[in-house]
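A.B. asks: Chains as they are written, first to last, in this note's numbering: chain A, 1 to 689; chain B, 690 to 1378.
No lab work stands behind these hints: they were computed from the structure.
Remember, predicted model here, so these are calculated numbers, not experimental data.
Some hints could be false.
Said to hold, decoys possible - As a list, the in silico DSBU-like pairs of lysine-lysine whose alpha-carbon atoms are at most 30 Å apart:
(1) A/231 with B/1037
(2) A/348 with B/921
(3) B/1143 with A/220
(4) A/454 with B/942
(5) B/897 with A/451
(6) B/747 with B/1037
(7) B/838 with A/451
2 protein chains.
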Amino acid sequence: MEVTRKNFKESLNTIYTAIEEADFLAIDGEFSGISDGPSVSALTNGLDTPEERYHKLKKHSMDFLLFQFGLCTFKYEQSESKYVMKSFNFYIFPKPFSRSSPDIKFVCQSSSIDFLASQGFDFNKVFCNGIPYLNQEEEGQLREQLEDKRFQSNGAQSFISPSSCKGPVSVPEEHKDFINEVLDKVEDLLNNSDKSFKLEPCTGFQRKLIYQTLNWKYPKGLHVETLENEKKERYILISKVDDEERKRREQEKQEKEQEELNDAVGFSRVIHAISQSAKLVIGHNMLLDVMHTIHQFYCPLPEDLNDFKEVTMCVFPRLLDTKLMASTQPFKELISNTSLAELERQLKEAPFKPPKVESADGFPRYDTASEQLHEAGYDAYITGLCFISMANYLGTFLTPPRDHISARSKLIEPFFNKLFLMRIIDIPYLNISGPDLQPKRDNVLYVTFPKEWKTSDLYQLFSAFGNIQVFWIDDTSAFVSLSQTDQVQIAVNTSRYAESYRIQTYAEYMESRLEEKQNCRRFTECGWLKSPYSTSAVVSGYGFNRTLTGKRSFSPIQEEQIPEETEGVIGGTWSHASVTQDIRNKSKKMKTDATGGSRTVEGAAVQVPGYPVGSTSEDSWLTSQTPGEKRSMSPIQEEQYSDEGDGYASTWHQDRSAQGKKGCKHKKRKIEGPESSSSSALFDVPQVW
Amino acid sequence: MEVTRKNFKESLNTIYTAIEEADFLAIDGEFSGISDGPSVSALTNGLDTPEERYHKLKKHSMDFLLFQFGLCTFKYEQSESKYVMKSFNFYIFPKPFSRSSPDIKFVCQSSSIDFLASQGFDFNKVFCNGIPYLNQEEEGQLREQLEDKRFQSNGAQSFISPSSCKGPVSVPEEHKDFINEVLDKVEDLLNNSDKSFKLEPCTGFQRKLIYQTLNWKYPKGLHVETLENEKKERYILISKVDDEERKRREQEKQEKEQEELNDAVGFSRVIHAISQSAKLVIGHNMLLDVMHTIHQFYCPLPEDLNDFKEVTMCVFPRLLDTKLMASTQPFKELISNTSLAELERQLKEAPFKPPKVESADGFPRYDTASEQLHEAGYDAYITGLCFISMANYLGTFLTPPRDHISARSKLIEPFFNKLFLMRIIDIPYLNISGPDLQPKRDNVLYVTFPKEWKTSDLYQLFSAFGNIQVFWIDDTSAFVSLSQTDQVQIAVNTSRYAESYRIQTYAEYMESRLEEKQNCRRFTECGWLKSPYSTSAVVSGYGFNRTLTGKRSFSPIQEEQIPEETEGVIGGTWSHASVTQDIRNKSKKMKTDATGGSRTVEGAAVQVPGYPVGSTSEDSWLTSQTPGEKRSMSPIQEEQYSDEGDGYASTWHQDRSAQGKKGCKHKKRKIEGPESSSSSALFDVPQVW
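Just chain A, with the same shape it has in the complex (with noise of 0.2 Å):
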């Protein structure tokens, strides 16, 4: 279902229900771009911290918009053994609602732009239908606005400021005389027999003049309000009325402020939906989706990752990423490409059974054969779609096999809140509910060197080491990763007396960026402006300079798009094989982290659903419950998820409603229990590998 500026209103209710009623939720969103500085294979290093993507991508990919926004409810009906489907594409744009509104600047990178328009794309229905939204402090803001409104206007006392019944309004002497005649206006009604009479059109100065000194001179018998002429000017109507009438009035003006306000809070009331609803929200390689949906309907984004993991755990207390569950055991191996088109096509076929899912009557039906894949609605449904029969294939590795697994399964529970970090060699994902794994890294060199230098210097420089990646950071450094770690001493002491070039272990380095961030406060800011991007300067030709050296000459675009070269001097096609043979070497170093929650390989093994090691009854998986959790259940909570009694979300559901509709009040929480304990088991490596 398409809804816009035009139906939004009407089809609130249908949404509201839709979410209400649904097993859990797909989401995808569509952007304006997606790099506004670096290009995808610096943006997307082979080697960040998690904390460097996410100051990445939110310093570099926050500026866009997020003008596409795919919704897609299933709701399993038992009877009939199938999902019911509802979808919704909805087309956003921040039009200005008033004259004091937010007038929003939003970033488009062409690429970006080319590549959704050569899908068909329809830019007219953003730009002139788009639903509009605002965040919360946008909301709240508006809300002390209308207060404002209030108290200048001389309505209902309870509206009357204490400020503006004090005493006289102070006028500015060239507005006396103005005012006066204004009052001598108000006399003449007050004793003659007419109901009311406009003034010529002012200022808003004049105007606010006006109210506060009617507002103190007659507290009630008259009605004062703002109207437009066909000029658009805006003039004054006085009338007489009695304490019914000016009531009545009120109470219909706020009533329509309201309703306004309402309408300027447009999109973000969806969001607000489903965030109350804490179902289970998919989405396919969603980290950018979460993040722009936080950005542009919550709250700026915060500095810190911590942070932002507490903020996204309030705003989806649980989330569930396709492409991080595809490239997971037992998944791993059954699955070549992880790409939301191929994971659908793949997942249609053995040992996968297509889902049984049916569109919702007065729904549209997609057709999966003709894809219509990059509309976000569509995106949303085939992701949901890849859920459903991944979670299905994991039943088989029951005693007994079950054909369906819900979506609070807790065989399903070791997935979430884990998004998928893209191109990160060793770091597979993004713990938003627990702390992140730290593999060693110490096989990799940083070096540095003159900005001439290609890949191939590099190659040179180290060709006596066999195997290596090389992973730019940018024009002058890059990481380069051996393929011995005893290999790493030798080529620092042998860079001691070079002069061109440079090398740290990757332990120095990461010390150095230590002290660096100590000394100004934010890593984003300072670690960027050493940097040769910036918009302008990609605008003004040297940021093009750069993209014709052919070093690194790729536009950022999305992850499906990148084509198969691409892809391959990103992530390195010739280092495509080495980055799984890395993950073998890096896997084997993973240690266990005594602060973090990341356990040894070993001993979380046991906890991968259906690992071919050896399957395991459901029964088992109470384990992964913490007490805490547990105890933290209230009785509606209780039954709202009986079937497979779901303490944790219920927990979510519990706290965000205690904290009311505003439900970001970065509140801490121990983020450890089953996640941090499953979370080693999804990097599991078999042997088999």
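Since the structure of chain A is already known, use the hints to place chain B on it.
C.D. replies: Same frame as chain A, but now just chain B:
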């Protein structure tokens, strides 16, 4: 005529012809936004200096995209004494033409986008079928890149770079086997009867190695080319060829590449043609159009205003701004509203005559009755109409009067190269071909105060000084102009002991600014760094915070869009009258500037065409032509502009042809002559006002 990527190439000749045969050209641009920072009120401060205004527009308007360009050519048919008009409406979008092309980011401003949407603007046409473009730097780099590719190919000797012949190519260790395999295959090919063979797809780096190696080992007898398979993977095809064949293929390849280059230069070719024609180019309130055109299709705008003036004179040797013309004698008091639509309406009525203009065969007929305002092609068209009406009106002052005044008539020269400056109360125009007016501002005060202050606080502060004007600079500072100069010192003195606020004279302020400037080299940078404005700020809600304070809560919008009240508070509804009042004062204060070219009002009065004080014959205008320019004419240009012998244009024509295609060598040039004398004339204020 609508021109998109689809019909651009086939339309080029039509466009070139139209430009060549035209008497003058009218242009107009539509942008994706106006200001990415301050509101229009702050962007267009009533007391900006030309330098400040230029820097603000450069800093806050150039990241937007000029995505629709209107060109209207007007040719006068002596025989039928009418103009024949050809209008073109170009849709423009920087579609990346290859993976190595620039990936432009541009900003969109919701208020502007929303406004265009409300005018029925077709965004799909822009984003799906927009014509690409390159600026001169980008074009140059692309040419170099083309050369590089030819070096790599083992084509015609002339294209082999010396380096690649010097000796064996250094092949990184891990690629040696790969390259050797290729060499074996080549040997086989040369010894068997096959004509050619394919290699498996490989990385760009590997292809480069292959090219270089074969280039060096087999300078002749082989043709190597890169092709794409259906999976869009790139592979190499190696074929045996004799010299003939190889040369032919190289030839074809180079022609194809040349054509691709031309396609990439795209719309810039139209601007180059306009520039090279050196025809009179007309626009309405055209400063932003000119800045965007140069910025987008020629080069990033220079830091210094005088450099910008020189670049502009290179690109557009003769400009005329109809808004400036309409707000100047003798039109000033005949025309109440100079917004394009209003102007067009008024110029159809007495004392003006509706111009005789017809669309050329095969070109759409615009109907001024059913307005299509804000379609660039249409706006350019009625801008042309306005110019013709006003030009012809000047003819009525001649003895004997003339019905038709040509675009080359001396009568309009005084209006050349003076671009309207919006809302600067005492500097009506930016003088592109001369020094700018330098009004004394000795009745102006610079006031700083706490950010809580509103306009009313300032009125209160100065209530003793009668009628004042307030011009906000930022949150905590504003200019205040008093009606009497002698009050300035009083105000400054009284402020000596004030704590909350501070008052300086305009002179003192400018001095401190100058020092500031010298401390941090570029005004734009530091000047705005201190201000609370910034895209991110606006997006992240802080800017919003400000817009909601209601102090200056207006979306930056184009002149025509600004609703009455906005106009009011920006220029000041309460100051609208006093603006003219003020100009009256200022104009009296205008001084001769020894270094500058501005003259006293009286001195120049006689040079105003059709100036009421006394009409003048065409001959008297010869005085406004300097001998230097006369001499600099070449016979060819003489012919070209013979009918009224326009030394000025031809000078430029010659300069340019001397400079060749890339006509932007910032060639130093005395900017004096007719304008400097007429400039003050334009600013002349008759007693009868």
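A.B. asks: Are the hints correct? Go through all of them and say.
C.D. replies: Quick rundown of the hints versus the structure:
no.: 1; hint: A/231 with B/1037; in the structure: holds, 23 Å
no.: 2; hint: A/348 with B/921; in the structure: holds, 26 Å
no.: 3; hint: B/1143 with A/220; in the structure: holds, 29 Å
no.: 4; hint: A/454 with B/942; in the structure: holds, 27 Å
no.: 5; hint: B/897 with A/451; in the structure: holds, 20 Å
no.: 6; hint: B/747 with B/1037; in the structure: violated, 36 Å
no.: 7; hint: B/838 with A/451; in the structure: holds, 21 Å
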